[in-house]
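Enquirer: Residue strings, one per chain:
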Amino acid sequence: MSRRAGAPDPSGSVPKIRVENLRKSFHGKVVLDGVDLSIAKGESLVVVGPSGTGKSVLLKHMIGLVCPDSGKVYIDGQDFWAISDSERTSVRRKFGMSFQEGALFDSMTVFDNVAFPLRRSGRPPDEVRRRVRECLDMVHLPNVEGKSPSELSGGMRRRVGFARAIAHQPEILLFDEPNTGLDPIMTDVIDEVILELKQRLDPTIATITHHMESARKIGDRIALLHGGRILYEAPPDEFLRSDNPAVRQFVEGRAEGPLTVEFEREIKSAASEGA
Amino acid sequence: MRLLEAIGRMVLRLLEEIGRFFQMLGRAAAWAVRPPYDVAEHVRQMVRVGVDSIPVVFLTTLFTGMVLALQTYNGFARFHAEDFVGSVVALSLCRELSPVLTALMVTGRVGSSMAAELGTMRVTEQIDALTALGTEPVQYLVVPRVSASILMMPLLVVLGDAVGMYGGYLVAVQLLGANPVTYVENSFQFLEVSDVTSGIVKAAFFGLIFANVACVRGYFTEGGAEGVGRSTTRAVVSGSLAILFADFFLTKLLF
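Residue numbers (the working numbering), protein chains in the order written: chain A, 1 to 275; chain B, 1 to 255.
Bear in mind the hints are in silico, worked out from the structure with no lab data behind them.
A portion of the hints provided could be inaccurate.
[As the list claims (entries may be wrong)] Computed list of chain A residues with no C-beta within reach of chain B, every gap over 12 Å:
id, residue
1, Asp36
2, Gly64
3, Leu118
4, Pro142
5, Leu195
6, Pro235
7, Gly253
[Stated by the list, open to error] Computed spacing ranges between beta-carbons, pair by pair:
id, chain 1, residue 1, chain 2, residue 2, range
8, A, Asp106, B, Met10, 34 to 42 Å
9, A, Arg119, B, Lys252, 41 to 49 Å
10, B, Gly227, A, Asn143, 35 to 43 Å
11, B, Leu253, A, Lys147, 50 to 58 Å
12, B, Leu241, A, Arg129, 28 to 36 Å
13, A, Ala255, B, Val33, 20 to 28 Å
14, A, Ser70, B, Leu59, 38 to 46 Å
15, A, Ser84, B, Met10, 54 to 62 Å
Note that the Cβ used here is the ideal one computed from N, Cα and C, for glycine as well.
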């Protein structure tokens, strides 16, 4: 890694998102331990990994919801934590993020949720109404505008979350576990919606999931995060064929393998502390 | 050694809380002056803190005024000073009881709900969603709540002053047979404008304290539903304690 921070890739273009040597620990527990990652403009990267490996934390670093202990995050070559508060807020407007459970504002209706980013940026009411309808159509949810988030099913809430995330026409979309906890059919519906958004809006996408099938479908590239680092990254076909033991374990969903060694060690140490 | 450690940890935690309080206050003040100004949200919070608290404040101060009149009447009767019941009721209500009791009641009613609301928004990632949508959560959530509380608390206290004095009048005149004209005359004879304004200034400070404590508690909630419960309890306990501390020092310093 001799290239200067945030400098163009060998191919000549500045990556849309670039994460360098990112480290983060919470309450003394190391979650990210030197993550390096870059996403080119228009590319869709899927980060997979077992639960609790800090995938969400990585995603939240990209949009600056979490401040790194050390390391850098570059958006369009701009060092995210070297700019002022208000500049950061405007860089964040390049992003649209969908959260695990949707994170809809439960004090507002579906319409007001999707309209939120538009109203905050001062768009006129007519335009807001048109755009909200457009976004809800794109996620195949007409006629729910007046409902409150608590009246919707899990899958519908996520899709409203998508609609809210794309409302202000962001250049980058982040999906945090878009189909965790959904039934297989709804999981596929969500994948389809993401694919459609990808085709229609041509955004840069970062998704985290532990569904291999979704990762294969929506990713141009898949990266495996484990032990606070990216263990392996490759295009879907190559990823699935890889003979890296960790990748094999994850793809085949086996309980034994390199990914669980550390996990078992942790359980043992917790047990011996308790004894 | 254990004891020392425990004391040390407690002091550290207290200092951390105080630090967070002032840090949040600074951030709120900085964001309060920047556009966009969300007038609708400010009004919504003012209704929640002010208008919706009227029944509670009304009952609290009414009964405080009534019991104050009852107690002082019985005491003052022993040295034939019944005529001054009105003065005592008016003075103690305006200077002390109405601001403090109103603040404590509103902390319980509104502070707890603010902490629970912000705490739930934190654990369900709604606060993260705000940030992700390019909105500063402190500006959108904390500023309207704190400023509404600073504005509405003095109004509630003025209401409390009036209702409490009326409660005292009711008991003294209707129940204990005091002379209504002397009672009213004495109520206002020793009451100065500064007595009322001191209560109003205190009320504004109390509003700032309870709302900011509640917002800090809610904003930094961790650990799911249990965490929200903990934040709510702490918002009421530390808010009430902070109000009582501040009351002493404000009275000592300013008036």
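Enquirer: Now, for every hint given, state plainly whether the structure supports it.
Expert: To see whether the hints hold, each was checked on the structure:
With a least CB separation of 24 Å from chain B, aspartate 36/A remains clear of the 12 Å interface cut-off, as annotated. Under the 12 Å C-beta cut-off, the non-interface status given to glycine 64/A relative to chain B is violated; the minimum distance is some 8 Å. A Cβ of chain B approaches the Cβ of leucine 118/A within 12 Å, the least distance being about 10 Å, so the stated non-interface status is violated. For proline 142/A, the requirement that its beta carbon stay farther than 12 Å from each beta carbon of chain B is met, with the minimum near 23 Å.
The claim that leucine 195/A is not at the interface with chain B holds, since no C-beta of that chain comes within 12 Å of its own (minimum 22 Å). Look at proline 235/A: its CB is around 28 Å from the nearest CB on chain B, clear of 12 Å, so calling it non-interface holds up. Consistency note on glycine 253/A: stated as away from chain B, and its beta-carbon is indeed over 12 Å from all of that chain's, at 28 Å minimum. At roughly 36 Å, the beta-carbon separation of aspartate 106/A and methionine 10/B lies within the given 34 to 42 Å, and the hint holds.
Checked against the hint of 41 to 49 Å, the pair arginine 119/A and lysine 252/B passes, with Cβ atoms roughly 47 Å apart. Taking the beta carbon of each, glycine 227/B and asparagine 143/A are about 36 Å apart, inside 35 to 43 Å as hinted. At roughly 53 Å, the beta carbons of leucine 253/B and lysine 147/A sit within the given window of 50 to 58 Å. Taking the beta carbon of each, leucine 241/B and arginine 129/A are about 48 Å apart, not inside 28 to 36 Å as hinted.
Checked against the hint of 20 to 28 Å, the C-beta distance between alanine 255/A and valine 33/B comes to roughly 57 Å, which is inconsistent with it. With their beta carbons about 56 Å apart, serine 70/A and leucine 59/B fall outside the hinted range of 38 to 46 Å. Between serine 84/A and methionine 10/B the Cβ separation comes to about 37 Å, which falls outside the hinted range of 54 to 62 Å.
When each numbered hint is compared with the structure, violations occur for hints 2, 3, 12, 13, 14, 15.
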